[in-house]
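Starting from the known structure of chain B, arrange chain A on it as the hints suggest.
Chains as they are written, first to last, in the working numbering: chain B, 1 to 391; chain A, 392 to 626.
Derived from the structure by calculation, the hints contain no laboratory data.
There's no promise every hint is true.
No farther apart than 25 Å at their CA atoms in a straight line, the calculated lysine-lysine pairs in the BS3-like style are these [claimed, not checked]:
id, chain 1, residue 1, chain 2, residue 2
1, B, Lys-381, A, Lys-473
2, A, Lys-517, B, Lys-379
3, B, Lys-5, A, Lys-517
4, A, Lys-534, B, Lys-275
5, A, Lys-609, B, Lys-376
6, A, Lys-466, B, Lys-17
7, B, Lys-379, A, Lys-609
8, A, Lys-609, A, Lys-466
9, A, Lys-534, B, Lys-5
10, B, Lys-381, A, Lys-609
A few chain A residues facing chain B, derived, Cβ under 7 Å [stated by the list, open to error]:
id, residue
11, Leu-452
12, Ser-459
13, Leu-470
14, Leu-493
15, Leu-506
16, Thr-581
The beta carbon of each residue, even a glycine, is placed where N, CA and C say it ideally should be.
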Amino acid sequence: MIIPKLAVRNMIGAGAKTWLNAVVLSWAFVVIIGVQGLYLGFDEEVSRTMIAAEYGGGQYWVNGYDPYDPFSIADAHAAVPAALLSRTEAGRAAPVLIVQGTLYPQGRVFPALLKGVDPLQKLLDLPAGVLKPVDHEVPALIGERMAGASGLKKGDVVTVRWRDAKGTFDARDIQIAGLMSTTAASIDEGQVWLPLETLREMAAMPGQATLVVTAKDEGLAPAVAGWTFKDLGFLLKDIKALVKGKTVGASILYAFLIFLAMLAVFNTQLLSIWKRRKEIGMMMALGVTRGRVIGLFTFEGWLNAVFAALAGALYGIPLLGYLAAHGFSFSKKVSDSFGFAISEKLYPLYSMALVFGTTALVFLITAVVSYLPTRKIAKLKPTDALRGRMS
Amino acid sequence: MTTSNGIIIRSTHLTKIYPMGEQSITALDDVNLAFGRGEFAGLVGPSGSGKTTLLNILGSLDAPTSGSAEVMGLKVEALGHKQAAELRNRHIGFIFQTFNLLPVYTVYENVEFPLLLLGMAPAARKKAIMDALDWVHLTERAKSRPAQLSGGQSQRVAIARAVVKKPELVLADEPTANLDAENSHHILHTMEDINRDLGTTFLFSTHDDKVIKHLRRKITLVDGRVAGDEAIAGR
Numbered sequence: 001m002i003i004p005k006l007a008v009r010n011m012i013g014a015g016a017k018t019w020l021n022a023v024v025l026s027w028a029f030v031v032i033i034g035v036q037g038l039y040l041g042f043d044e045e046v047s048r049t050m051i052a053a054e055y056g057g058g059q060y061w062v063n064g065y066d067p068y069d070p071f072s073i074a075d076a077h078a079a080v081p082a083a084l085l086s087r088t089e090a091g092r093a094a095p096v097l098i099v100q101g102t103l104y105p106q107g108r109v110f111p112a113l114l115k116g117v118d119p120l121q122k123l124l125d126l127p128a129g130v131l132k133p134v135d136h137e138v139p140a141l142i143g144e145r146m147a148g149a150s151g152l153k154k155g156d157v158v159t160v161r162w163r164d165a166k167g168t169f170d171a172r173d174i175q176i177a178g179l180m181s182t183t184a185a186s187i188d189e190g191q192v193w194l195p196l197e198t199l200r201e202m203a204a205m206p207g208q209a210t211l212v213v214t215a216k217d218e219g220l221a222p223a224v225a226g227w228t229f230k231d232l233g234f235l236l237k238d239i240k241a242l243v244k245g246k247t248v249g250a251s252i253l254y255a256f257l258i259f260l261a262m263l264a265v266f267n268t269q270l271l272s273i274w275k276r277r278k279e280i281g282m283m284m285a286l287g288v289t290r291g292r293v294i295g296l297f298t299f300e301g302w303l304n305a306v307f308a309a310l311a312g313a314l315y316g317i318p319l320l321g322y323l324a325a326h327g328f329s330f331s332k333k334v335s336d337s338f339g340f341a342i343s344e345k346l347y348p349l350y351s352m353a354l355v356f357g358t359t360a361l362v363f364l365i366t367a368v369v370s371y372l373p374t375r376k377i378a379k380l381k382p383t384d385a386l387r388g389r390m391s
Numbered sequence: 392m393t394t395s396n397g398i399i400i401r402s403t404h405l406t407k408i409y410p411m412g413e414q415s416i417t418a419l420d421d422v423n424l425a426f427g428r429g430e431f432a433g434l435v436g437p438s439g440s441g442k443t444t445l446l447n448i449l450g451s452l453d454a455p456t457s458g459s460a461e462v463m464g465l466k467v468e469a470l471g472h473k474q475a476a477e478l479r480n481r482h483i484g485f486i487f488q489t490f491n492l493l494p495v496y497t498v499y500e501n502v503e504f505p506l507l508l509l510g511m512a513p514a515a516r517k518k519a520i521m522d523a524l525d526w527v528h529l530t531e532r533a534k535s536r537p538a539q540l541s542g543g544q545s546q547r548v549a550i551a552r553a554v555v556k557k558p559e560l561v562l563a564d565e566p567t568a569n570l571d572a573e574n575s576h577h578i579l580h581t582m583e584d585i586n587r588d589l590g591t592t593f594l595f596s597t598h599d600d601k602v603i604k605h606l607r608r609k610i611t612l613v614d615g616r617v618a619g620d621e622a623i624a625g626r
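Same shape as in the complex, but just chain B (with noise of 0.2 Å):
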């Protein structure tokens, strides 16, 4: 215990260097941990998000249903079979009728997916109670990235044109009956949620869906037949991709503070040893093994480390647990930019794994940075440290 004691001993004694030090260091580990609890906030966000308002607890999709190929969504729709109605019967999943149409805004030729989801329906997590029919329009729910892109507002009246099953072009008016305001765009740019029942019946689809939503706490997903099972980590795959994506420009973030945080341990660990040449000779003198010495100075370094946790911890801790607490502001196109469903307030998340592993990664890289400058040590015979040289 004898290394501890006097490496504390010492380190405490240079004062202002050592602080000066874990200051820097501490920035590093405040930085580092702030950024990625806010990508963990993020991705955290973003899958709440999308469980809420569109995934739930996984999604049956039709066979040849594939979202990213606007030729498969034609064909892409089947009746829903039983074993699913049941469960829909029972609230415990929500059938959702894809068909490619065309709006005309204001004589604008503008392409939209028309979505039909039940207007009771209460697993997703959108107003789809003003798709209840009030009059003889048909009623239709739009997002306000889609408002925005396409000119319509809350009241206005739309030609729609689809093709049915059978192959045969239709157009029919329908009114906007609300506007929502939803942080995924993915249920927002370029669709139109219509009444599942409308939708069937403009598109001849009685019955019929593209895909079925079920409840995020439905446990088990059996087999049916025509249908597959996509469970949250197959639909959430692209988001989390997204999200690790941008963790990486942030990763370049973190080695280039680690590495200026060790580059001032490394030159404080290549000065402290040539200045003090002497007191390591004379502790030599004193029966110090260069094992010990080595030990010593090296623990003296990794001690950098624990200092600036400890001063990261006094001054990250209150700003960091109040980011988490109050989150950050974004503004709507700011959040947008990011490219996955935001919320215009942010909560960074930081979990224990998130501020143990950082610390300990940094205390292990700064051992190592420690330790390289002491290897000197080794090769220094006592007569020369005591002369102040270095042999």
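Quick look at chain A alone, frame taken from chain B:
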């Protein structure tokens, strides 16, 4: 760890040669000496005569090129790094011209250092430190740092650090070179007292007349060879 006749240091045909490029410098040339327990002896001679080299080898800080140096029954040339460190830690105290105090430690902590290495219990450690500081009359400066001390006080701390573990041997390399006459006098008296009270062997390297006056045995080195070895009567 003395031999049966009380000898704690013996050098036999001790030679040290330093290579200097294609040439070499013979720092010690066939040195044969023996020192018994409780001696107060000095290596004297001009600069470059090999005094410090001999002290370094006897202190297991360096190894001879040939010949043998036996300290506390251990052959220095045969010791590995760890064994040499162990020998220094347990049996030898060092005093240097430039004091070599650890600058960030207090006086108390500097004196404590060798005892920490020995793993001494806290209570015994504290008593040993206070005793050592008492011998050198620095009890009241225990909390001071080296930068706050005069040269004489610093050397007294170095003496306390050298003797706190009550070693059999103290090697002092020009201990008064940086001190004025009065401080040198105090220091030498302190070392004489410790030599007398604890039976510690003191071996100096010096060319300071003030030190030479206190020696009981004077070994003169010239060009790395023993040119004289005399006991000084009346001391």
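Subject >> Hints violated by the structure (listed by number, smallest first) >> reply: 2, 5, 6, 7, 10, 12, 13, 15, 16
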